[in-house]
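The listed protein sequences derive, respectively, from chains H and V. Count along the first sequence from 1, add 907, and you get the number used in our numbering. Count along the second sequence from 1, add 1, and you get the number used in our numbering.
Hints in this document: simulated from the structure, not taken from any laboratory. Ideal Cβ positions, reconstructed from N, Cα and C, are used throughout, including at glycine. Among these hints, one or two may not hold up.
Claimed, not checked - Okay, the calculated beta carbon distance ranges per label pair:
1) D19/V <-> C1198/H: 45 to 53 Å
2) D83/V <-> K1060/H: 54 to 62 Å
3) F25/V <-> F1199/H: 31 to 39 Å
4) L1078/H <-> G36/V: 35 to 43 Å
5) G36/V <-> R1156/H: 16 to 24 Å
6) F1326/H <-> V291/V: 45 to 53 Å
7) E1252/H <-> L22/V: 34 to 42 Å
This is what each chain is made of:
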Amino acid sequence: MASGERPDKVVKPVGSERVNKEVENKEAGNVTEIYREFETWQINMGDKTIHAKRMPGVFRTVKNYTQSLWLLFFLVPYLRWNGKQAVLFDITNRQFHFFNLTILPQDIWMLSLLLLLLAMGLFAVTSVASRVWCGYFCFQSSWTDWYTWIEDKIEGPPHARRKLEAAPWSLEKIRKKIIKHFIWMVIALLTGISFSIWFVDAFDYWSMLVHFQLPLVGWVVLIMFFLGTYILAGMLREQTCMWLCPYARIQGVMTDSQTILPAYDFNRGEPRGKLHHKAEGSAAQGDCIDCFQCVQVCPTGVDIREGLQLGCITCGLCLDACDSIMDKVGKPRGLIRYASLDELEGKPAKKIYQHPRTLAYLGIILLAFGGIVYGLTHLGSMTLKVIPERQPLFVSLSDGSIQNKYEFKVLNKTDRDFFVTVTAEGGVKDQVIIGAEKPLLTHHGRGTSFTIFVKASGDNIKNEVTPIEFRVQSVEDPLIAAEYKTKFNGPKP
Amino acid sequence: MSEKHDVSGVPTTGHVWDDDLGDFTNQPPKWWILGLTASALFVVVYWIYYPSIPFASTGGFFKGVGGWTAIKEMEADKGEVDAIRGKFEAKLKDMTPAAILADKELTEYVTRSGKVLFGDNCAACHGQNGIGTHDKQGLFAPILNDDDWLYGGKIDDIYASIAGGRQGMMLAHHPNERELIELEHLEKLGQAGAEAHNIARGLTPHQIDAVAKYVLALSEGKGDSPEVAAGKRVFMSSDCTACHGQDGKGIQAMGSANLTDKIWRFDGSIEGIKRTISYGVNSGDPQARVAVMPSFKAAGKLSDAEIKKLAVYVYKFGGGQADAPAAAK
Ligand code: SF4
Ligand code: SF4
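Excised from the complex, chain H in its bound form (with noise of 0.2 Å):
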C-alpha cells in the first residue's frame, strides 16, 4: 500500500485542502472566507443533464439481474390460481388474496409487521452495506436505468447525446425524440396499469381500461402514475434521489466508519496524475489516472474520489468501470472498492457480529418475522366474537328463570358459506341455548351476526356472573371452528 510513503495523507477531499491554504493565507477572522469553499464544492444540481456511460463489468450484470425483479411487479397480477387472480389486493371487498390465504382487515395488524420487516431490513443493510436498496433494487433507479438505456439505444452515447442537444431542431432531431418520449410513456402507461391490477382483478381492468369504463380513482391512478414514471424516471431522474427521496438523507445516520461502500483507495490513488507523467515520476504518483471514466460513468454525475456522499446510489458502476481501466494499465483491481471507511485508513476491520446495532436490526428483523409466521400459522378459517347484552344484562322470565342476549359475531374467512352449531362450555347447570336450534349459515368473506340467547334456571344460578364459554363449529368440517370467552349475568343470589 502506497499509505506507508505518505503518512500525511488524509481523508480530506483535494478541493478543501486548496481552500484551507486560501484561508489561511487570508487575513483569519474573515467569515465570507468560508463561503469560498462552497465555490469548491461539486454538487449536482440538475442544472445539467447527466448522460451516463454504459460499460460492461460486475456491477453491471449483478444490477441487471437484481432490477428485472420489477418484472414480477408488472407480470404477478396476470398469475391465476383456483380460477382467481393469485395476489389481489382487493380494496373494495377488503380483502387480501395471497394465492391459498386470505388475509381480512382483522389480520392486517401483519402488514405492520411487516413494514416493520422490510424498514429494519432496509436499516440493517444499509448499515453493514450502505444504500444497497438504491444501487440495485429501488425502481428509482431501475426505471431511470431503463429510461437512460432506451435514451442511449436511440439518441447514442453520452457524447452524441450530448450533441443532440446542442444541435438545432432538425427533422432528425425531432424523429429521435419522438421515439424517445414515445416508449418511454408507453413504459409509464405499463407501469400505471401494472400498478392498478394488483388492486383490481388484472383481466376486469383491460376491458374495463379498453372500454374507457374505468371509475374516476381509476383514472386518477392511472394518471398519476403514469405522469409520476414519465416524470420521475425521464426528467428528474437523480434528481429524485437527491432532494425528494428521504431515504438518501437518512443513510448518513445508518452508516458508519465500518460500513462497506464504493469507496476510492486515496491512499493508493493519489496523487493522480495523467499516465504519461508516470514515466518520469512514478514513485510520486498514485495508481489513480485522473482518466475521469468513474465519473463519466455514473448515474448520478458524483465524483466518489471525492469521498462518500449524498448523490452515490452505491450502484458499483464507478467500480466496474475503474477495474477496466486498471486491467488496461496493468494495475490490480480495486482502486476503487467495496471498502469500509476503517479499512481505508487501515484501522481494524470489525467482524459484523461485533456491530451491536446490525444486531439490534437483526433482533428486530427476527421479531417481526417470528410475529408474522405466527399470525400466518394461526390465521384460521373461522373467528368468533359475542357480545353479551348490556342493557339489561338479564331478563327475568316467567318461570323464574334467567335469560341473557348474546350478539354473535362470526367471521367465515374461508371462500365458501358454512353452516355452523353453536355450544356452550361452563356456564349455568341445565343452560339452553336458543336461537341456534338449527345450524346457523355464515357468509364467507364477511361477518355475520347472530342473536343467541341462553336460559338458565334461576334456582341453578349460584354467581352474579358466570363465566361461559362459546364455540362454533363448522357442520361440514368440525376442524373449524372458535371459541369466546364472556360472561353469563344473573340477578344477586
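Use these hints to put chain V with the ligands onto chain H, whose structure you have.
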C-alpha cells in the same frame, strides 16, 4: 440599490450588517410563485362560489353563486342513506309483520335500524331495549324483553298493541263508606254471608289481605297450600275469576295479568298487591294504578310500515312468541 455578493455573485439588497452580512435578492422558485398565485385565485373563486361575506347592515350574507348550503349537503347525504335503506323499506311496506319476521335479511335490517324508531317513540316509557321504566307505583311500563305478555307476544298481537294502544282495566275493590258499614255488618253474620254479598260491592280489608296472600302464593306455585285457603275462597267466589280466570292465568283478550307466573306488572310485594286490588287499574280511583299506552296509529303518529318495524323490533328483544303456523312451516 442592488449590489453583488462578493463571493457568490448573487445580487443583494445592498444592506450590510456586521460588516459583511448581505441579503440576497434571489427570486423564489417558479413553482412556488405559481403555487402562491394559484392559491390566491382559489380563494377568490371560493369566495364567489360559496357563501362568504356577511352583511352587517341586513344581518344577511352573500349566498355564493354555487347555491351551496349545509342543509342541501345534508339532504344529499340523507339521500345516500335512503338509497341504501330504500330497497328494504320498499319490500317491508307491503309485507305483514309475520312475513317480515320470516325473512332473515329484513329482520336483520329491522333489528339494526329500529333502534332510533324505538328510542323516539317507545323508550320514554319502556326504556331503552325495552327494559321497562319505574316510577312510584313500581314498574311504570311493562318490560318488553321478557316472555310475559299481557296482550299476547305473537307478532300480530304486538303489532295490534302498538297500532291500537292499550288501556289496563281493573276495578277498585275497596268498599266505599256505605258499603263498608254494610259489609262489616254482614261479616259479623259470618264469613259465608259476607262472601255471598260482596259481588260488585268490593272486598273488606280482611278479604283483600287474604286474597293478596293467595295471589302471592300462586306466583310461587303454592296456591293450594292450606295457609292461603281463605284467600283462595275469596278469589274463587268474588269477581277475580271473571278477568283472571279460574286458574288465575289471565285472559289475553282482556289484558288481565297472569297471576301464576313470577312476573308482576305492578309492585309484587304483599303491600303492592293489596294496593292494586284495592284501587284497581285505571279505575277512576285517585289512588288507582295507571297503565295507558296510546295508539300509535291514531292521528298518524307512526306509519303502518313503522309500526310493523317496531313490532318486529320488539318481538326480537327475545320474548316474542312464535305463531303456531309459522313454526310449523
Ligand atoms: S459514485 Fe459510483 S457507486 Fe456511487 S452512484 Fe456513482 S457510479 Fe454508483
Ligand atoms: S477510473 Fe480509476 S483510474 Fe480512472 S480516474 Fe477513475 S479512479 Fe482514476
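Hints versus structure:
| no. | hint | in the structure |
| --- | --- | --- |
| 1 | D19/V <-> C1198/H: 45 to 53 Å | holds (46 Å) |
| 2 | D83/V <-> K1060/H: 54 to 62 Å | holds (60 Å) |
| 3 | F25/V <-> F1199/H: 31 to 39 Å | holds (33 Å) |
| 4 | L1078/H <-> G36/V: 35 to 43 Å | holds (38 Å) |
| 5 | G36/V <-> R1156/H: 16 to 24 Å | holds (23 Å) |
| 6 | F1326/H <-> V291/V: 45 to 53 Å | holds (49 Å) |
| 7 | E1252/H <-> L22/V: 34 to 42 Å | holds (38 Å) |
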